[in-house]
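Asker: In case you want the letters, here they are:
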Amino acid sequence: MNPFALPFMRTAVAASILTGTALSLLGVFMTARRVAFSGLAVSQLAALGTVVGVSLLEFHLGGGALALAFVGLGMFLLSRLSRTRTVPSEAWVACLYVLGAGAAVLILSKAPRGESDTLGVFFGNVLSLTTTEVWESLAIALTVVGVLGVWLRRWVWIFVDSVSAEVSGIAAERWNFLFYALFAVAMTMAIHIVGVLLAFAYLILPAAAGFTAVRRMRDLFLVVPLTAAAVTVAGFYISFRLDFPTGPFVAVLLAATALLAKGYAAARGR
Amino acid sequence: MKELIRFQDVDLGYGRSAILKNVSLVISSGEAVGLVGPNGVGKTTFLRAVLGLLKPIAGEVHRDRAHRFAYVPQADGMEFFWPLTVRGAVELAVRSRRPFGRMTAGEKAAVQGAMEKTGVSAIGDLLIREASGGQRQRTILAQALSQEPDVLLLDEPTRGLDVVAERDLLALIAGLKYQNLTILLVTHSLQIPLNLTERILLFKDGAVIDACTEELIQTKKLEQIYGVPFLHHEYNGQRWVIALGDKP
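Sequence order for the protein chains is C and D.
The C-terminal residue of the first sequence carries number 270 in this note's numbering, and the numbering is unbroken.
The C-terminal residue of the second sequence carries number 518 in this note's numbering, and the numbering is unbroken.
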């Protein structure tokens, strides 16, 4: 049986591809700035916000806003804490990661369906997605592609060398703020749609594969979202056939793809 | 010469603690000025104030905004994960001006001219992450020149380069002096501005000592500033000063 003949599979794969497209494009910039693990910490805080929000309200009735507020708070804390010179900033990234993950589990332990809710938040339940999530992920994907695509060279310059960009008259701080605001919204929505694990995998792994294997800038921004999309389709198909949970399977396949890209680059002497 | 930058009784630092105190000076168009001092004395802080990236704690910094500024950072402080070619890196600044990275014919010519001037046009297709330190620094310089600036600010441009790459880069910068560019060159080494700039700002103990290069060479001012004897040497138009110590 072709799994994509099933309507719920088509809905889930569409939402996942669109979410993967948005996050993988943002992930190119997060990876290049060496803040991939900040992305993980922020993901966990978004999960905590989602848990708190869903315990109090439905996601679409304000729970999402609470999750976004947690992400904003986490990013603010990271920017403040990373300025301290007594401890490397990675320590504060780890601190926020533990806080987000630990507190979310503690709250879920008191929920009526604690264990299944925990699995849902952290590993997602992509096969239960509806057309609402497809429209949400389409909105995120179009926004990310639009915002990054129109000013792609400017974004790259700011991420390569923000001081030179600022000196030349670009308000780099405002552009950075716009980027992180976009990241916060996209990550919050993505965790609601695909869970923490797959959202983080989409954010970092296609970008890691792209940076490793690609040697032209224009190819990077094609290969990265196409990798996310292709691995998503393959992951959905194989996990259905082998009866594995879909979200974690796609995440593992993304990690394997990044490692294969590294192997390919090493074989070509790069 | 037109006044470009004026510091009036300026204190500079971060938070409330001043690294530089009571700085007053003027930099005019067409000047080449060296900013010299060891790490941590406030050279970069001063440069950030010139660039308008740092507000003074006290006093006023005036910068003529009619002039176009371009900054040349240290190549080893930049992110080179991006699969940018040398040409792609040079074009970034100009392509950042318009949506979809469009360039005018004039901008394309400026990019090509900057690449030829800095000697990187032959390596335009080389990935910058695979380029040598000297090639990277030339690429960044080409990127700054492609913007056709009036003022060029160079932050330790020779840091991390081998002696030959350093020599070639300094010769290139020396050539720029004669093209109506105002040059501010930050360095920890006194040798570089002695041979490149007619004016040197020495950063020492929270103060900025404004000196004419010839005056430093011809008088005992260096000895007075640093409190140690110096050996002055000149060969084939090149100048060196060496701080002398007790024989070990």
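Hints are computed from structural coordinates only; laboratory data are not their basis.
We put the beta carbon where it would ideally sit given N, CA and C, even for glycine.
Be aware that one or more of the hints could be misleading.
Residues from chain D shown here face chain C by an in silico Cβ test under 8 Å; the list is partial [stated by the list, open to error]:
#1 Ile-327
#2 Glu-349
#3 Arg-365
#4 Gly-371
#5 Ala-375
#6 Gly-476
#7 Ile-479
#8 Tyr-496
Lysine to aspartate or glutamate pairs mimicking EDC-like chemistry, simulated, CA-CA at most 20 Å apart [stated by the list, open to error]:
#9 D:Lys-291 <-> D:Glu-301
#10 D:Lys-325 <-> C:Asp-243
#11 C:Lys-262 <-> D:Glu-400
#12 D:Lys-325 <-> C:Glu-90
#13 D:Lys-490 <-> D:Asp-480
Asker: Each hint needs a verdict: does it hold in this structure or not?
Answerer: Hints, verified against the model:
no.: 1; hint: Ile-327; result: 18 Å, violated
no.: 2; hint: Glu-349; result: 6 Å, holds
no.: 3; hint: Arg-365; result: 4 Å, holds
no.: 4; hint: Gly-371; result: 4 Å, holds
no.: 5; hint: Ala-375; result: 18 Å, violated
no.: 6; hint: Gly-476; result: 20 Å, violated
no.: 7; hint: Ile-479; result: 26 Å, violated
no.: 8; hint: Tyr-496; result: 29 Å, violated
no.: 9; hint: D:Lys-291 <-> D:Glu-301; result: 24 Å, violated
no.: 10; hint: D:Lys-325 <-> C:Asp-243; result: 61 Å, violated
no.: 11; hint: C:Lys-262 <-> D:Glu-400; result: 17 Å, holds
no.: 12; hint: D:Lys-325 <-> C:Glu-90; result: 29 Å, violated
no.: 13; hint: D:Lys-490 <-> D:Asp-480; result: 15 Å, holds
Checked against the numbered hints given earlier, this structure breaks hints 1, 5, 6, 7, 8, 9, 10, 12; the rest are met.
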